[in-house]
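Here are the chains, one letter per residue:
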Amino acid sequence: MYFITLSMIFHAEPIEFVRQPGLGAPVWRGRAADGEDLLRFAISVHRHQGRLAALWGEDRRQQGAGYRLHCVFALDEGWPWLSLDLAAEGDRCPVYPDLSGIFPAANRMQRATRDLVGIATDGSDQRPWLRHGAWPADWYPLRHDAVHEVGMGAGFANFPSDYEFVKVGGEGAHEIPVGPIHAGIIEPGHFRFSVVGERVLRLEQRLGYQHKGVEKLLIGADLAHGARLVGRVSGDSTCAYAWAYADAVEAACRVEPPPRALHLRALMLERERVANHLGDLGALGNDAAFAFGLTQFMRLKEDWLRLNQQLFGHRFMMDRIVPGGVVMDVDAAALAAMIEQCGVVRGEVRKLRALYDAHAGLQDRFATTGAIDTALARELSLSGMAARASGILLDGRAHRQGYTPPAPYAQLGVRPVTDERGDVAARVAVRFDEIYESLRLLREIALGLPGGEIRVEVAPLGDASGLGAIEGWRGEVLVGVQFAADGRLARVHPHDPSWQAWPALEHAVMKDIVPDFPLINKSFNLSYSGADL
Amino acid sequence: MIPLLRHIFRTGILTEPMPEAEGGPQREIDRLHDEILKVLGRALTIREIDAGSCNGCELEIHALNNPYYNLEGRGIKFVASPRHADMLLVTGPVTRNMENALRIAYDCTPDPKLVVAVGDCGCNGGVFGESYASCGAVDNVVGVDLRIPGCPPTPLALMQGILAAISTTK
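The listed protein sequences derive, respectively, from chains A and B.
First residue of the first sequence: 1, per this note's numbering; consecutive thereafter.
First residue of the second sequence: 1, per this note's numbering; consecutive thereafter.
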């Protein structure tokens with residue numbers, strides 16, 4: 001398939017796209033001539049109910065060029081990846097058109113791109129996003145010529161910064177600031193609630209507390225170190241990230257992983273999905289004061305993780321998926337153990353679901369709470385479990401009109417789960433049904449596991465680039481990879497579905513009451529680290 | 001209600017025996033409880049602070065309260081405020097955006113406070129190290145009494161580390 005280059009025109013827009021080679025998700029690569037071109041294409045994607053999947057910037061001055069803006073859109077057919085070159089003008093920030101008027105999800109990505117790369121939009125919201133005050137406003141960490149010292153803080157003072165929250169006025173309106181350190185065992189972030197009584201008028205998030213400079217560490221890294229870093233962008237989705245990274249590298253280097261490796265990757269990804277759904281279903285019960293649910297689901301999750309440890313040598317299967325394949329094989333006994341466990345867990349989850357469904361107090365908390373309707377979910381470019389719970393039939397693993405999922409999912413026939421309600425109850429229901437579906441898939445994969453190699457050599461290809469897209473348990477995980485001429489990584493951008501889902505949470509909590517926030521938050525269970533990078 | 005109770009009854013008690021404290025001598029659960037009481041005069045309370053982790057460590061810290069490890073059943077409880085805590089369980093690397101918040105939480109914790117750094121990143125910065133965005137090890141920001149390495153450390157390693165921290169500072 002490599003040598004056939006497919007070109008594609010989307011919606012009669014003048015940009016010609018070329019299909020990325022390889023076995024991964026259908027990605028088309030295109031170049032926008034100018035800002036107008038980009039804007040027109042974005043409008044066209046929006047008109048066809050497409051989404052903005054990711055946006056990031058790249059400093060290409062070392063290659064004798066300027067800066068490059070990358071926008072990945074999502075359409076029914078797959079992912080058009082559009083790049084726009086921007087000329088460098090001394091130290092000034094090159095400017096490109098603001099996309100947030102078309103795709104609200106662009107706002108934070110654009111602000112982060114400015115903070116890190118120093119390319120800006122012509123829009124009105126120029127507040128920093130990831131930069132809080134730990135480095136100067138005119139210093140951009142992802143520029144190649146960013147001068148800094150080695151070690152903690154890179155020689156910059158850490159100034160506390162003020163952030164301009166949108167103020168809500170009126171009689172009785174007041175603010176509740178929460179975080180960055182939250183009351184539970186959870187990642188840090190700041191939530192500013194504007195409330196009247198206990199009713200939430202507005203929630204504004206300020207994130208970036210987990211920003212640990214992953215993208216800068218990826219510049220100049222080799223393939224193996226890149227895999228370790230990308231596998232730690234969001235620990236609960238390590239398999240999804242590792243696979244997306246592997247897909248991107250394999251597409252760039254024109255390598256096909258062996259079929260057995262692809263099946264083993266799917267096995268790990270589905271095990272990761274089940275583990276997270278089990279944990280969240282328990283926590284959702286707990287947040288509605290049903291501690292029984294937490295205990296029961298955490299027990300199942302622990303059994304699940306212990307089998308991961310036994311079979312893959314790691315409870316979360318970190319570093320098991322690498323470019324070229326996977327690092328470890330499973331034998332027949334392991335597969336049998338997995339199949340047996342799937343049966344046990346299915347039975348237990350069915351019983352627990354019956355108990356959840358019959359519990360009036362629980363259902364009262366779940367139903368109509370934190371609702372997002374289909375139109376809003378589309379508007380916010382939502383993907384994954386949360387989008388499906390708002391009635392959008394969108395799953396990178398499943399067939400849909402004009403879209404064939406990448407191997408091995410194409411032959412597995414994934415049945416995506418949706419729910420029209422969009423509330424906490426819907427997200428609970430989708431999680432239950434996705435557990436059943438993943439258990440079915442795990443059985444299919446284990447029974448039909450092809451033989452052969454599990455890994456092939458990957459030789460980095462100078463100046464090549466690729467994009468991987470994987471349907472993780474939370475949603476669409478994307479990783480864009482650009483190699484330098486010497487075969488090291490020049491730029492890697494890992495993209496978490498939480499970028500799009502965090503603003504959805506702001507909408508979901510509106511009109512509900514403050515005590516419902518933990519429940520609504522948990523029903524999404526978004527990654528802070530994944531979006532803070 | 002009856003199906004619920006039946007389910008609880010059928011599940012039974014899954015809690016496993018306590019592990020040995022890391023590097024310490026074998027001790028019985030009762031003696032350990034006495035030990036905790038001697039050191040702290042009551043049960044141990046922990047405030048967990050994620051100062052920049054990838055959330056992998058948090059998954060395992062969550063697991064400590066599942067019925068197998070049942071940490072709370074042993075008198076070790078996670079609390080919502082550093083003001084209620086005897087121990088800070090800190091995951092890292094400490095991002096520079098969290099540096100200040102961690103210091104404030106540390107200052108809010110009453111003496112004598114124990115600080116345990118969790119995970120490779122909390123112990124030495126891990127894959128993220130020190131940079132413009134990262135302070136690296138927890139030790140670089142607040143004093144640390146004990147380190148629990150691992151990526152992430154297993155619940156068993158976490159329990160051993162917590163017990164070791166208590167027994168070495170009595």
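Since the hints were made in silico from the structure, they are not lab data.
Careful: at least some of the hints might be erroneous.
Taking lysine-lysine pairs in the DSBU-like style, the calculated list, with each CA pair at most 35 Å apart, reads [claimed, not checked]:
| id | chain 1 | residue 1 | chain 2 | residue 2 |
| --- | --- | --- | --- | --- |
| 1 | A | LYS216 | A | LYS511 |
| 2 | B | LYS77 | B | LYS113 |
| 3 | A | LYS511 | B | LYS77 |
| 4 | B | LYS77 | A | LYS351 |
| 5 | A | LYS511 | A | LYS351 |
Taking the hints in turn, this is what the structure says about them:
no.	hint	in the structure
1	A:LYS216 - A:LYS511	40 Å, violated
2	B:LYS77 - B:LYS113	15 Å, holds
3	A:LYS511 - B:LYS77	34 Å, holds
4	B:LYS77 - A:LYS351	30 Å, holds
5	A:LYS511 - A:LYS351	33 Å, holds
The structure shown violates just one earlier hint, number 1.
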